[in-house]
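So the protein sequences, as listed, match chains W, E, D, V, F and S. For the first sequence, the numbering used here assigns the number 1 to the initial residue and increments by one for each residue that follows. For the second sequence, the numbering used here assigns the number 1 to the initial residue and increments by one for each residue that follows. For the third sequence, the numbering used here assigns the number 1 to the initial residue and increments by one for each residue that follows. For the fourth sequence, the numbering used here assigns the number 1 to the initial residue and increments by one for each residue that follows. For the fifth sequence, the numbering used here assigns the number 1 to the initial residue and increments by one for each residue that follows. For the sixth sequence, the numbering used here assigns the number 1 to the initial residue and increments by one for each residue that follows.
Just so you know, these hints were derived from the structure itself, not from any lab. Just so you know, not all the hints are guaranteed correct.
Since copy identity is lost for identical chains, a pair holds within one copy or between any two.
Calculated pairs, DSS-like style, for lysine-lysine (alpha carbon to alpha carbon, straight line, at most 25 Å) [as the list claims (entries may be wrong)]:
| hint | residue 1 | residue 2 |
| --- | --- | --- |
| 1 | LYS8 | LYS67 |
| 2 | LYS190 | LYS231 |
| 3 | LYS159 | LYS244 |
Number of protein chains: 6
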Amino acid sequence: MYFEDYSKFLTAYDTFNDADFVIFGIPFDATTSYKPGARFGPDEVRNASWGLETFSPILKKDLIDVKICDKYNLLMEGNQSEIINRAYSASKDILEAKKIPVMIGGEHSVTYPVVKAVKSVYDDFAVIHFDAHCDLREEYMGNEQSHASVIRRTYDLTKDIFQFGIRSGDQDEWEFGWENTNISMEMPTKDDIKKIKELEKPIYVTIDIDVLDPAFVPGTGTPEPCGFTPKELINSLYLLEEIKEKIVGFDVVEVSPHYDIGKITSVTAAKIIRELILTISK
Amino acid sequence: MYFEDYSKFLTAYDTFNDADFVIFGIPFDATTSYKPGARFGPDEVRNASWGLETFSPILKKDLIDVKICDKYNLLMEGNQSEIINRAYSASKDILEAKKIPVMIGGEHSVTYPVVKAVKSVYDDFAVIHFDAHCDLREEYMGNEQSHASVIRRTYDLTKDIFQFGIRSGDQDEWEFGWENTNISMEMPTKDDIKKIKELEKPIYVTIDIDVLDPAFVPGTGTPEPCGFTPKELINSLYLLEEIKEKIVGFDVVEVSPHYDIGKITSVTAAKIIRELILTISK
Amino acid sequence: MYFEDYSKFLTAYDTFNDADFVIFGIPFDATTSYKPGARFGPDEVRNASWGLETFSPILKKDLIDVKICDKYNLLMEGNQSEIINRAYSASKDILEAKKIPVMIGGEHSVTYPVVKAVKSVYDDFAVIHFDAHCDLREEYMGNEQSHASVIRRTYDLTKDIFQFGIRSGDQDEWEFGWENTNISMEMPTKDDIKKIKELEKPIYVTIDIDVLDPAFVPGTGTPEPCGFTPKELINSLYLLEEIKEKIVGFDVVEVSPHYDIGKITSVTAAKIIRELILTISK
Amino acid sequence: MYFEDYSKFLTAYDTFNDADFVIFGIPFDATTSYKPGARFGPDEVRNASWGLETFSPILKKDLIDVKICDKYNLLMEGNQSEIINRAYSASKDILEAKKIPVMIGGEHSVTYPVVKAVKSVYDDFAVIHFDAHCDLREEYMGNEQSHASVIRRTYDLTKDIFQFGIRSGDQDEWEFGWENTNISMEMPTKDDIKKIKELEKPIYVTIDIDVLDPAFVPGTGTPEPCGFTPKELINSLYLLEEIKEKIVGFDVVEVSPHYDIGKITSVTAAKIIRELILTISK
Amino acid sequence: MYFEDYSKFLTAYDTFNDADFVIFGIPFDATTSYKPGARFGPDEVRNASWGLETFSPILKKDLIDVKICDKYNLLMEGNQSEIINRAYSASKDILEAKKIPVMIGGEHSVTYPVVKAVKSVYDDFAVIHFDAHCDLREEYMGNEQSHASVIRRTYDLTKDIFQFGIRSGDQDEWEFGWENTNISMEMPTKDDIKKIKELEKPIYVTIDIDVLDPAFVPGTGTPEPCGFTPKELINSLYLLEEIKEKIVGFDVVEVSPHYDIGKITSVTAAKIIRELILTISK
Amino acid sequence: MYFEDYSKFLTAYDTFNDADFVIFGIPFDATTSYKPGARFGPDEVRNASWGLETFSPILKKDLIDVKICDKYNLLMEGNQSEIINRAYSASKDILEAKKIPVMIGGEHSVTYPVVKAVKSVYDDFAVIHFDAHCDLREEYMGNEQSHASVIRRTYDLTKDIFQFGIRSGDQDEWEFGWENTNISMEMPTKDDIKKIKELEKPIYVTIDIDVLDPAFVPGTGTPEPCGFTPKELINSLYLLEEIKEKIVGFDVVEVSPHYDIGKITSVTAAKIIRELILTISK
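Isolated chain W (complex conformation) (with noise of 0.2 Å):
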């Protein structure tokens, strides 16, 4: 009629119980130790998802052709832990209902419960991580729910972690990483992807869109230079396609709009997530 609603992402007015997968934001920052803002991030990457059209190039599909459901964002009510536990539970009913939960951050540590969940109903699973950040600190400023533990929590569940990107942390974190996860300081390779295959395990890749170089996403909390192009990361996320039955879940989190000149961030982080979308859909 007279009326439209933008107020979801590009094309997701599917409902629940229609979608193949489910956008929800958590939009949390407070443990993040340089520049807050990132609870700003799902709100602007839906409203930058307009900015974008709804067909891949690359991939010759149309995100009008997937079936999506924005939920919009998790209640805020309550404590750091009663957020994490509620973003368990949400979670955890959108992985039993078959479907694949597309988080936006928030702070990587919104990450975990969503991990959690997955450990939950699938039991076993691996993780694919993009970050400029190591994130294993077993805790950080004496917080050991902090985004810069999330991977070391993440540890705690499953050992198959493929760390990609990484370029800081201190001195403990890149001794455990050498010897306890997969870090790299590139983006995967197609031996790497095979590699992810050979287990034959569900797979949750989670992206610190900090893993991009600073100039690419200026609108993010810890910039640390010499990062990656958003050609060069999506390139890597086309590999993908190889493992994509596998893939049962995904995130983008740390868009932190304040520092966004020009929204530059957070249409990035739109065209990764429709670009993962197209990736993985049928």
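Once you have looked at the hints, place chains E, D, V, F and S on chain W.
Chains E, D, V, F and S in isolation, oriented as in the chain W frame:
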């Protein structure tokens, strides 16, 4: 449940049928001469409204006690005249349902279809106009439907126009105003309101946010120094309590988020809307 | 010799033992609901202080004649309760040494440990509170130590609370305030100060920078339109000369540099601190 | 003397009659869908040009040796079709005088009147198009003269269209491009230029600044991630040396200063213009 | 014809010989201590002037009826003393031609060569000075020609100095002012103007934009809170109507666009210039 | 204890006597031609350094194992020549104490007094220069000590100059460079380093941050498109490991925070300093 929806204006989650007030945006700015961007106003004002409380300590009323529906934004497809027609039809439907339209602009030209709908439904009516600019040009840059002509076009519909806070115009506009409209460089007084009350006509209120000084609303298209403070404007709006049964609709236009440091313009527009709804509501 | 150190607040280079005033920051903002960033407030206020002169032409006093020590910021290690305890201990040490703590926030929740230290050292005391918001919530988003609850928590320590400039709160907060605190929507008058003087109690002053209108302090977390000008606030602070012997500490909180165009919020906070130190000092 | 005039493009102070190149701006952006502001592009590009040297160390040529006239901007009076007509007439006059128009946009729709003038003066011609977007829509939002349709409209004038760097469009546009234009997701190769040379036709070059990655040109209306670097684009432009006698005009459009942190977009546009003038000039 | 030139100040397209007022900029800020950028002031003020009407509804006069020439900016070649000499010669030429120089800064130090030219041409004269700062330092950071010394240097030329709006300085400056100049923390009154009129001397007016509160002019080098509103300043300027025949020149300085969100500082400076030209003009 | 001091560069809390590296800033930018603000560089780089880890995963070394003293900034009192003399004396003291000065600018002209001190202490030496600009002007705007002349002045001290990444200059500068310095438009190769090594001379390294592309360092005074990525620059710096015993000092200049969205320029400068200190240190 797990999720929450903050995509509408604060508390505006009633259905159209239940609502006494119907909020909608017209995200249009194609004719703006100086600094464009007002098309983003409606969404930013909605977003900023969540930074406010629902309760007004001065009016001692609460938005949660008012029935409000937010229809998001007018569909922007088609050329300027198609959009104007759609805005007219939408406004007419709301007015005919005996509901109060609360339109968020967009540039000031979008007020015209709404007042035309008021004309169509109520036949005779008066206009209260807050603005820095006369908006009385016969045409502007060759366009008769420009934001700079909106009150001149309105004058074609009704001679009962009351302009407040005006401080800029070309010589012809001022002369037209001095002769034909009740043009004032100040905020309205009790006497002004009394005079309007005596007309015993339906009243439409249009507020160009730039009636305020640019220091308070940096996010606007044509900032004009020497304006009013939000306190002065809102205190004036409280005077409308005297004629609240007569007010059939209102708008707040020209919020342009790209220049809006710290979002202070959007939050001011949202507060104006909250206070004016509460002033008018039973 | 060759180098100079501008890392402390203007002139604040005395030792702790020599000082009458002890400046310190609490760079904490984890509970801020709307726009985070207050954690960067203390450093920005220090930095901005160097844009001011040391001399006040109204008070005809000079900061260089006052003994001031700047201890930089509170260590932020640990969870919220550990940080609060550290802030409490630090404040207590300063107060027990008969020095005046000048705390720079940080979000408003950081005021609580300081007033708790005042309670511990002086047993009975009164609070003068400048703010746009009541901050009288029993709890906020499930957190009893939130910035929105800080005056309610303070009310657990003393009933002698005087609130000025308040213009926002939910209905419960206002009703609590109208019954239990001396809540005013205006700046204090001489009569207000006289009434406080008659209590003959130690006084703590807490200033949320958002008591000022967002136009003057765009750099704050929850901008609320219709506020006061810096001139109005500072003129009110001059009234405290009458009770200066009774003032045992003060703070300025909620400066959030990320929205602070031209650093005008930080320089305003620095000027408030300069004028209040000079007002209180012998 | 005492004063200096920096209001024109770097060195562009020749008269129209003396000049080989005629720079002019078309400060128009009424149809931009996403982020307006391109109307300020021409003045900002002029301004930024003064941050560059006049000498190109790669081409070993100097702008001071080229005859250039800068006519400032097209008069913006009248509606869109009057402005388009004026742009057409102005371009035609320049082309008929055997001078090379260098048009600075404005949104991409302003290219249409210039290519129409090329058609009128040279009858047959080819177009080299650098862009992130296909711009091949039959109509966009009900407007056939939209920026998103400009190359489709150009296709009505000539079938010899060569598109480079394209990475966004809807499915219909891509299919139209794959069938009808020489559409490429990459920068031109020597072979591409050879193919164009063999046409032996006058050539017009249109460069939408958003062909570059948003990190390099944040100041543009519809940022599309995964673009090219200025080095890649300018190296491609050097290839045009091969066909320089055939180039009859060019433009750089969609520079939108409001999102242009540090003015890096404007200075990049200015450098493109400098290098392209020097490449083409004798 | 087809093109239009907006590169000069609004309406200032008369020739030097025809003009009664001669606008020129001095884009210099090398001595600014706190936040540089005033060198960009003149161009931004010109640009912003086009956002204003030419007609003043209060003075009921129109800029189009005044003969004004805009010479762009002073050539910046050479060291500080060469630039000062050039500014002096240029000003002298304008004054000797019986035209009124309207200088746009640039930092405040650029006022000195202009008043020196006034001294040279008129021998005796008085100065009206609007500023937040005394600018009475004997030297600043080792520089006697600093912006912070400009009125002290002016005092070497004339003892008839009237300072208004001053609210910052070191103790020595204030003591010098209290003894030697007519220093006021307020805007001028009718009595002040009467006193100046009685001197029967040529008058030069220098306006440092920072006399206004930083909320209204965020784009300035040394923001000092607790300033005046544009309305208060411009109302004061209207008082100069009484002495308009005596005013031989004026300037507006310290507009620094880099901090000028929404360009509100530049447009305010442009409005001050429009109103002061109209006040003085026949 | 309770407080922590983050006012120095990351880990740089050793005393002068203990230190092997001495960091100091020269916050000077008076001669910058285009966009001023470099005077704020040193403090911002210090501040941004805390967003980095102390450990380099590529070099596998940690800053905490290096003895570094941070002396804050050079005293800025006096005119340009006094400041230059002070910078010279300070640098000489550091060099004579056999410590490595790490100077943070400030505009590039501040490099001159440091290399003059190197000349004085070591007599003969070579310079490695990373920059977008030649900086080889005989004089600039009448100033022989301008940032645009700094390498020409350095050439008066030593003929062994190696310039990398240069992409802008006037024709005279390029001709001078092609004849007299080892000027390259690229990053250094192993062969370049070998050639420098064979000189067997003390080496000073000066890095103008604008050698990087403006997308990566928007916060700089004269952005020149088509630059290098931080990865390319830092990989080049690793090559200096080969000559690390010969390096007697280095600087990073032209960081100008006012244009530095998301502080990405400052953090890049800080990372360059960390990696270069770690490369050089034992």
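Right, here's what the structure says about each hint:
| no. | hint | in the structure |
| --- | --- | --- |
| 1 | LYS8 with LYS67 | both (14 Å within a copy, 24 Å between copies) |
| 2 | LYS190 with LYS231 | both (16 Å within a copy, 24 Å between copies) |
| 3 | LYS159 with LYS244 | within (21 Å within a copy, 41 Å between copies) |
In the structure shown, no violation is registered for any of the earlier numbered hints.
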